[in-house]
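J.: Given next are the chains, with one letter for each unit.
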Amino acid sequence: MSERRLGGRPDLTALGPALLVLVCTAVGLGLDSYPQYVIAVATISMVVGIALVVLVGLARCITLASGSIMAIGGYASTLAVANLHLPYLVTLVLAILAGGVAGWIIAFPGTRFRGHNLAMVTLVFQSVAIILIREATWLTGGAEGIHVPPPEIFGLVIASDRAFLILIGTASAVMTLAVTILVRGPFGKNLQAVAGNEIAAEAFGASVRGYLTAAFVVSSVAIAFAGALLAPRVRILDPDSFGVLDSVFMLAYPIIGGMHSVWGGLLGGGGLRVLPELLRPVADYQELFFAALVIFVVMFFPGGLTELIRRTTSTFKQHPTRVSASSSALPACAAVSFETGQRADELLVVKGVDKHFEALHAVNAASLSVPMGGIHGLIGPNGAGKTSLFNIISGFLAADGGRVAFAGTSLLELRPRDRIGLGITRTFQNVAIFGQLSCLDNVIIGLGRNPVIHAMAASLDHFVGGAATQDAKHRALVALEAVGLADHGTSRAGSLSLGAQRRLEIARAIVSQPRLILLDEPVSGVAESETEELRDLLIRINAERNIALLVVEHNIPFVAKLCQSLSVMGAGRIVAQGSPAEVISLPIVRQLYFGEQVTA
Amino acid sequence: MRNLDVFGSTRSAVTVAAAIGLLALTCSSTAHAQDNGVTPSEISIGAIGALTGPLAFIGTPGRDSMTVAFNEINANGGVCGRKLHLGFEHASSPAESIAAVKKLVEQDKVFILVLASGSTGAAAAADYVRQAGVPTYNIYGSTPIIRNPFAKNVFHGAVVPVEVSAAALISMFYDDGYMPKKFGILAGTYAFPQATLKAAQDILKQKGRDFTVEQFDIGARDFTSQLVALQRQSVDSVLVLGSFSEAGFAIKQAREMGMANARWVVDGSAVSTAIIPILGNADGIRGYYNAPAFPGQTPATREFEARLKKHLGSMPQGRPSVYDLIGYGSGYVVAEAIKATNCQLTRDHLIDAWSNLKDAGPAVLGGLDITFPESYTPTDHQGVYRIGAAIVKDGQWQVYRVIDKP
Amino acid sequence: MLSQLGFVVLAGIKFGALYALTALGLVVVHKATKTVNFAHGAFAMLGAFGSFLIVVNWGWPYWAAYLMIPIAIGVIAATIEFLILRRLRQADMFTVVIATVFLGIALSEGFRLTYNTELLAVPSLFAAPPFIVAGVVITRDTMWVIVGALLAALACIAVFRYGRIGRGMRAMAANIRGAQLCGYSIDGVYMLAWFLGGVLAGLTGVFIAPVTGVSVDLSIAIITAGFVAGVIGGFDSPRGAVLGGLLLGVAESLSAAYGSSAMKNCISFLLLFLVLMWRPQGLFPERSGRSV
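Chains as they are written, first to last, in our numbering: chain A, 7 to 606; chain B, 423 to 828; chain C, -7 to 284.
I should point out that these hints are in silico values taken from the structure, not numbers from a laboratory. From a predicted model like this one, the values you see are computed outputs, not experimental measurements. Hints should not be assumed to be uniformly reliable.
[What the hints assert, rightly or not] Quick partial rundown of chain A residues pointing at chain B, CB under 8 Å, derived from the structure:
1) V47
2) A149
3) V240
4) R241
[Said to hold, decoys possible] Computed beta-carbon distance windows for the label pairs:
5) B:Q818 / A:L35: 57 to 65 Å
6) A:T318 / C:R78: 21 to 29 Å
7) A:Y291 / B:A728: 24 to 32 Å
8) A:G121 / C:M60: 31 to 39 Å
9) B:D632 / A:I111: 37 to 45 Å
10) A:T318 / C:M60: 46 to 54 Å
[To be verified] Chain C stretches covered by chain B per the calculated footprint, using a threshold of three residues with CB under 8 Å from any CB of chain B:
11) 108 to 115
12) 122 to 136
13) 199 to 206
Using N, Cα and C, we set each Cβ at its ideal position, and we do this for glycine too.
Okay, chain A solo, but in the shape it has when bound:
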């Protein structure tokens, strides 16, 4: 048994992107003023690139509003310096706040839509914001623009290109580090989970609306910050420099650089910003060249430059590394306290639940109960209403009537993501793992510590290698070991076989030490041999950890050997209840399944 240290190593790789920004700055210091200008502006675009990776790459939200956000940051800072005479650094904070508010405003309707409608919402924001800036001549100088006063920091006036480069490069590096910490930590992981599979994310406590809003806010904060850094460098701020076309060009940063990594944002942003300078000799053809380049990369290098680099440097096959944890370190399971009036051995009580889909009475006065530590099955032919009842219990469908109580607490008023806090987790009929994350990360999400602010704090903890991160990792490892996937901790979840993915789902469902797991067709599509293994696994989990299971399944032999009790549903009603042996031989059940006539 290996020793475990408390606390862990800080995640130093997160410093990489920020270091690159600083390296570029340092290189620039040795050059002339013209390259210093170009590099300073390029680092600003790197920040924009990273921000867009968060929004477009991780959260998979399209945005056409980047230009207006940059303008908002620039104008906020400039107007505060010019009119309120605030120090420049303070106005940077103001710009951040303005960007955050703008991001929140966009997210308010924006998180309700995807695809073209979302593009539309952001386009509306972009156009309206720029028009308002242009019309408010008394404040913003209108279309002609305003002079941006040179920044003053602690009495020092930033006027030389060298000073600007140091200021901008350092500030960009700081913002890069902040965003990288968020991306590499649980916040970024949860964001990808939410974008990858909304329902599973909600089931484990990650609010989709919350995370998408946070993605908008975080990216807008960074972009507005970039705008405030740019303003004094270009001396004149005018609304037409931040139009729709500029927003579209900024979208190219993550697409060309690589949408799914911070490096991609850096490469795309910096590279595309420097490109016009390189194209000076053919300035007439600059935009045509730019457009042709984007189309070329998109056609032949999907995944962008970082994907290209990854493929060419990928001489090492990724060996799944075995990570182990000592099972003796398993903390004790929390006890469940019952509300008074609840029978001590009934964990989940479903009574008289009703559900109508217009004319169809999908669930008709259904009742069942799952005892503490018990394994209860729910079977029935297709269309019997099992899935509907199951979704009502797990919170993804509203009931029309009836009661569902867990340890005395009524579940029907709760949102799906509140269940994990009570000790209820679930698996899904169509495997709902987060394919682009590692197995370890998938299981860590299962811990349920997923509210947005909590995840942000956890990202910081992850960066410094704090105890909470170690604890989460440890628990996840224990769970992976329990399902036999300890060898695949760092493998990408999407690369596993279906049986392994189902076991991963179970690991995710048990890691938070729930009292009850809802399993939706856990062996659907699984080969015979793996079915046996899964069944043994579930029995073991139930016995070792005293976790109750409610299993919906079609596979009768599987259910018969697994469950201690069964409910049979037919046409929305519970038609039979009891031990498997009793229930399966009942005539009415045989009629339901095989159409045998009930002999009088």
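Please arrange chains B and C on chain A, whose structure you already have, making use of the hints.
T.: Leaving out everything else, chains B and C in the frame of chain A:
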């Protein structure tokens, strides 16, 4: 047990290397001229202007015609025994303009910087050059933000300030005995028309004239709402501040709506041959012109057209435009300013010489006399105050009056 | 007063008809291929330029332009689908959006570089005097644009709904595997959809050329209006595209006249925003489905 992310660090290293490689490319610079842009054989002149995008109709003629002027001057032996070399960089927005100007001034070390850009980009560049001190020649920008505050190294050439052009525009409403009763102004919301609008409004208020203002977005083609509003106010004199396409379609629509009897005066950027096909019959439309004669109106301009066509190979529609004429004239003014230093080719001498330049123009050095001559004083760096009043007659634009400084 | 309202509404309907035709082109491609072609505006611009070439440069009659241009643009669009979009069929939505956006930019820039001009004017079709109805002047050109564009749109809708072509596209949109099993080929249907979209773009260009002239910024103006109209109407509904286009045109005109002319875009975008919040599936969707 360490979980070695070999992948990650290799990838990172390559990425860093790629980034630095990109940087190195940026910083590869061409051979530097002498510190102030003058070598024994060459004088380096830098210029910025829009070569692509919506404002390319300003920058591209600037580049083409200045090149024609410099070619002619160089063919005649150049200035102070040296050839004039033009380095024209594309720039439109402030960010692009600062980059271009830095490259020209700090890397290519030009002797003179020409701003052939009309808008916010020029303003940003002007802001920079006030600090940098390099002699700068603004040939197209009329907005106040480019000209204020005064700087001793910045000179403004053929395009007059908006106050002067607005006054000229208003005066054209009274030409040939017309008595305007109610004024209407149709103005674009972008930078250039807005500046002229402000100046025009001030003048009309001073004269105590009644007027109404309608605005349109850049590139607008439908003016129904604005024209309806003007009609409602019984406007009989309309000032259109916008490009030739905007003005053309506005007037065309107005005629279709029955406003045929109004007097139309358009901004200088609309005084172009390209407006005539839009209207079919454009006779009677007036506008100001930043040159004494319209291309084709005099033998000199006809000769210029031939030379420009030879240089370009073919003549794009709407050219030569006023920006071509001004660009050509400005090239000669630059040469004459350099000559006026008595070949003491330092920036300070140039600024001194330029500040005392009188009646500079192509005619002095044997070029075609197609622009207004420019004169400067140490306290007034506006080279031209005269402006032409033009009208369409028999399907051709012609300058019918020259308006001196009011 | 009333005649002024008439002017404004008429202008709105004229542009609305053009927006409708544009939006229809977008919807047709989207229905069949699930992609929004952001290069549609550039196609229309090329169509307008083609009209200039035929009518002004070569001096041929207008009906030649109306016949030849849509087909030419349709061929160009289908070729582009074959060369470029085919590779991107598996790519995610953002990549395709970016690809078509920059494709549009490349086409516009290409045009600008070959024919360097700010605006090319195209003469009106009819020289005859306009009609005057209740004080509102209706030029024959306006009449032609409204009637012609709407008729073309209705014809396209009919083809889509009743023709075999349309059936194939709708089938493919609903269920690719199933449609393939029924004998429809993906490649064929996609190329056909782009061809149809290109035809509609070319037609839009020819109609719009006398109204606005041919310029590079035409491509952006057209795609923006078409996209907005499509979202208002309901992106998968051809009928919605037409109605959405008309609604957008009239709303823009009214808001410019009675609101502020500078804020015209602002107001029409806000209108769109309200539509999105209230009925995200569009005002005139094809069938009211339950969103899963």
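J.: Confirm or reject each hint.
T.: Results of checking the hints against the structure:
1. V47: holds (7 Å)
2. A149: Where the cut-off is 8 Å and the nearest Cβ of chain B is about 4 Å from A:A149, the hint holds.
3. V240: With a closest approach of 4 Å, the A:V240 hint holds.
4. R241: holds (4 Å)
5. B:Q818 / A:L35: 57 to 65 Å: holds (59 Å)
6. A:T318 / C:R78: 21 to 29 Å: Between A:T318 and C:R78, where Cβ atoms are some 26 Å apart, the hint holds.
7. A:Y291 / B:A728: 24 to 32 Å: With a Cβ separation near 28 Å, A:Y291 and B:A728 satisfy 24 to 32 Å, so the hint holds.
8. A:G121 / C:M60: 31 to 39 Å: At roughly 36 Å between Cβ atoms, C:M60 and A:G121 fall inside 31 to 39 Å, so the hint holds.
9. B:D632 / A:I111: 37 to 45 Å: holds (42 Å)
10. A:T318 / C:M60: 46 to 54 Å: holds (48 Å)
11. 108 to 115: Three-residue rule met by the stretch 108 to 115 of chain C, so holds; n is 7.
12. 122 to 136: holds (count 3)
13. 199 to 206: holds (count 3)
Checked against the numbered hints listed earlier, the structure breaks none of them; every hint is satisfied.
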